[in-house]
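A.B. asks: One-letter residues, chain by chain:
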Amino acid sequence: MARVVVDVVLKPEILDPQGQAIVGALGRLGVEGVTSVRQGKHFELEVDDNVQDDAVAKIADTLLSNPVIENYTISRK
Amino acid sequence: MARVVVDVVLKPEILDPQGQAIVGALGRLGVEGVTSVRQGKHFELEVDDNVQDDAVAKIADTLLSNPVIENYTISRK
Amino acid sequence: MNVDTVENAERTPEQPQPFAELGLAEDEYARIREILGRRPTSSELAIYSVMWSEHCSYKSSRLHLKQFGEKVPKTDTLLVGMGENAGVVDAGDGWAVTFKIESHNHPSYVEPYQGAATGVGGIVRDILTMGARPVAVMDSLRFGGLDAPDTRRVLPGVVAGVGGYGNCLGLPNIGGEVYFDDSYLGNPLVNALCVGVMRTDGIKLAKADGPGNLVVLFGARTGGDGIGGASVLASATFDETGPAKRPSVQVGDPFAEKVLIECCLEIFAADLVVGIQDLGAAGLSCATTELAAAGAGGMDVDLDRAPLRDASLVPEEILMSESQERMMAVVTPENLDGFLAICAKWDVLATVIGTVTDSGRLRMRWHGETIVDLPPRTAALEGPLYRRPVERPLDQDALNEHDGHALPRPRDAAGLRDTLLRLIASANLADKSWVTDQYDRFVLGNTVLAQPEDAGMIRLDESTNRGLAISVDGNGRYTRLEPYVGAQLALAEAYRNVATTGARPLAVTNCLNFGSPEDPAVMWQFTEAVRGLADGCLALGTPVTGGNVSFYNQTGTTPILPTPVIGVLGVIDDVTRRTPQGFTTDGALIYLLGDTRDEFGGSEWAHVVHGYLGGLPPAVDLEREKLLADVLINCSRDGLIDSAHDLAEGGLAQALVESCLRGDSGARVVLPEGADAFVTLFSESPGRAIVSVPRSEEVRFTDMCTARGLPHVRIGVVDVLDARLAVHFGSDAFDVPLRELRRAWTSTLPAHFD
Amino acid sequence: MPRIGVVTFPGSLDDRDAARAVRIAGAEAVPLWHADPWLYEVDAVILPGGFSYGDYLRCGAIARFSPVMESVIGAARDGMPVLGICNGFQVLCESHLLPGALVRNDHRKFICKEQLLRIENAHTPWTSNYRNGQEIVIPLKNGEGGFVADQHTLDELEANGRVVARYLDGNPNGSYRDIAGICNEAGNVVGLMPHPEHAVEALTGSGTDGLGFFLGFPPFSGADGPDSSRSKVESGAQA
Ligand SMILES: Nc1ncnc2c1ncn2[C@@H]1O[C@H](COP(=O)(O)OP(=O)(O)O)[C@@H](O)[C@H]1O
Ligand SMILES: [Mg+2]
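Chains as they are written, first to last, in my numbering: chain A, 1 to 77; chain B, 78 to 154; chain C, 155 to 908; chain D, 909 to 1147.
Since the hints were made in silico from the structure, they are not lab data.
The model shown is predicted, which means the values in this text are computed figures rather than measured ones.
For each residue, glycine too, the CB sits at the ideal point set by N, CA and C.
Check before you lean on any hint, since a few could be wrong.
[As the list claims (entries may be wrong)] Derived list of chain D stretches under chain B, where covered just means 3 residues or more per stretch with a C-beta under 8 Å from a C-beta of chain B:
1) 965 to 971
2) 1003 to 1015
3) 1055 to 1061
Please model the complete structure; the sequences and the hints are all you need to start from.
C.D. replies: Pasting the structure below:
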């Protein structure tokens, strides 16, 4: 068994209302030094050892993200 | 400027319907070898260089996660 | 970055320009050069390309839509007619109501959640722009077959998007439609309607009057959203576009819009704007040219003042960006501080970007240089106009001749019972609560009727109980068989649905979803449907107040079923008099109003049982619709009936089942003597409704129908305690327990989407 | 006339409904603004439903830090009756005035329906017009209404009668132990996922079963309200 992490983030040109809301809140909380926040999704998959990265990429492409608006990265832990 | 990543995941004892739904969908798509999926949130913060980890931890603790149901990890990119 | 200035354009007249890639035809480009007396700058080209796109200029449809203005019925209820962001209707007591429906079809296919969400967001801003508080939304949805894998991707996303945005705005969703047909598989239809309310003296118009007044851009920052969306995404088919070339879509921020709504309403209440326009398709290009064209005629804009989300955007992109949740207002210098203070209160970013002039030119500067200098009317009002070739489809005659009269029909009790159960469980007739339970129908506390009632109803005024009712309807199969009649059937159904609740239908909005206007057969469908709708509105006395045309809904060369979706708005003096759909009064008598004929062309029965489409749609009689509506409205006013439900797809059987289940009451039905049981139960003849009449009112009720000449026949009685629907015909009968009906009717959607 | 504050955050949606419910119940609805710390001497506060600040991060997570909440948290600790409905419930949990948290519905869809509930604790200021065990129907509408807490907390809530209302006839969102509403130890702070303010008129909403939530004033006996001469409700909270 292996743990694979897929992080899905909105493409940089796409509006991220969630991140904006957080920046706004940090401002109101008086926290300084944070200039931008982007919020994405984080998936932790437990996969059999024989599951290769390209299989995970396919899952990420079709199910975990919409390539029209999102990018993803895959990492093994 | 530095990029700090905060990943927030539900505590193991909290039900994760989204993760379960993904496992179900994988089954319908005929994808094999994925035994479990947990979905969490992924934040990418751009912070000034003088923002220390403990400051980020405070943000993660009070705003980005709810300690009642979630755990988080911080990493610098 | 080299910016193309007017000066540069004059210096380099022969520089080649990508007009074709931007969707402009060669002669269109030539006309731009003629208008300007030089080649356009790339920013001007951007403006013309989006403003002259099908989506914004209505170049293929305008010629035909004129009929809505020419055949306008005599009415004193119209406060603002076609041409503004939305029409406005006088609802009485000083109330004005504005409503409009709009499509967001292509984006919803590409990214179902965001496509549908921004569809709701866009129409809500249109309504807000009229000066109204948005008070409800509706959604008319069409998908590919229920079993198609892609429907599983598209439908849940669309529904979550409609709900996600509307719920977050705090607008009740009070009705809509969900249909399935294979023709929509690669082209789902997502049509969103919004209705808003204001005082009659609060109507706002989109014009930039008063030279010297300031132009304020407020709301969200401008980003690279849906650049080219207006012309590329909404006006050209994208079926050959591979994943890599997928157009970028817009992402909505409903929270930003909610705040923008409250901010605008406060600004309106303080009377701080001269004119206002929302930024939708074609963004800043559209808002600046339209405001200027409708007002003093000119405007100077400093484009670098527009707040950006992405600092790398170039002027062309800023002009074409479809970033959501933005508005543009024209404000007098004296009122600017007040305006900005309200924006600050709501944490809404507001920036003065220009001034109104009477120069007759829209001039834009970028880093001190002039990049746009054009007569705004030519972009906003004087776009190209096409008389597209029209030709009756080659297969139309054959389609109409093969009317399916030989399709085997059930005759005996068991066969009729099976057919009933099969039909109520079929995709288009099954319960839609899997969809509608994802929509908040309670918020704002004025929802008197919502789905699954025949029309949604909203209380306008707590002190007087004045209210409005709306229904949206369409039927692509009827329209395919005979577009002229199909459009009138959709109109008639929406009109009837409104009257069924007790409200008087007053005005119409419409969303015309068709294939490519470059296909003469599609153009025939379109022109016939428009003619039918215009004639129908004239006959019913309900003017068209606005709407939207969506072309290019096709996969390859195969168009969708031609689908005009019609919304009818009505007003009711006293919402406590509304007529609900469910049977609730024990012993009440069930009457069938109207005439039932053997009409199965385009019916659900032919579709579900035989997979058949042919013949002619049911005949429409608009005089009869008016009569039926009058009777239903009077019955509501005089308290003669306890329930009413219109008959449409699935016929009497469907209506009986829905009234039983809605009221959780049984019914004993005896079909009229000598009538064909199958035809009586399943025919889709329009102009009909079922009502339940308390015994004490039967005489008054039948007297009224007789006096007015409305056919009415008693077909049964409500039996609250006997939990089944029993149907007697001739010497035969069948019955179905409510439990079994409910299971059949409610299981279909959950079985596919849960 | 009792004065009941209704807070408006940016993104609050049911604030008008809550104010209307208060008025129908015969009290005065006092609008409170998120950016102002003042409570204007109200006798009780309602945190209404909606999507405060968009609720993109976690529902209620950002509202918790608003100036008005600082005052509400202080007043609640001093015994002022506070009712959080839906988003308001989420804000109360995020503010740690109530234990547990509200997570995405187990079926992952927003749900809007008329919901059957059982009142389990009729001794809070908000439920004193009901009987223990009384069944009512009021609208439920949420995307993140699943109440979760650890076993220990759940047991404690149960043992001390702090479950205020429970779902009947099917659990609509995966809430642990069918919990629809809870209160704090003192009983003055109540969080409820369904919407009583949408059930106060026969004409709209789901009937009038929700009106009782707004009828429990003059204020709760534990509260040292600004107008302490006012008679107190007999059945104060039994912690
Ligand atoms: N997408 C939707 N959104 C909201 N309400 C819907 C939707 N689809 C269907 N409904 C509601 O479900 C009910 C049944 O729809 P339909 O069978 O099309 O009604 P009718 O035939 O009377 O027009 C109506 O109240 C309608 O408003
Ligand atoms: Mg219909």
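A.B. asks: Are the hints correct? Go through all of them and say.
C.D. replies: Now the hints, each set against the structure:
no.: 1; hint: 965 to 971; result: holds (count 4)
no.: 2; hint: 1003 to 1015; result: holds (count 8)
no.: 3; hint: 1055 to 1061; result: holds (count 3)
The structure shown violates none of the earlier numbered hints.
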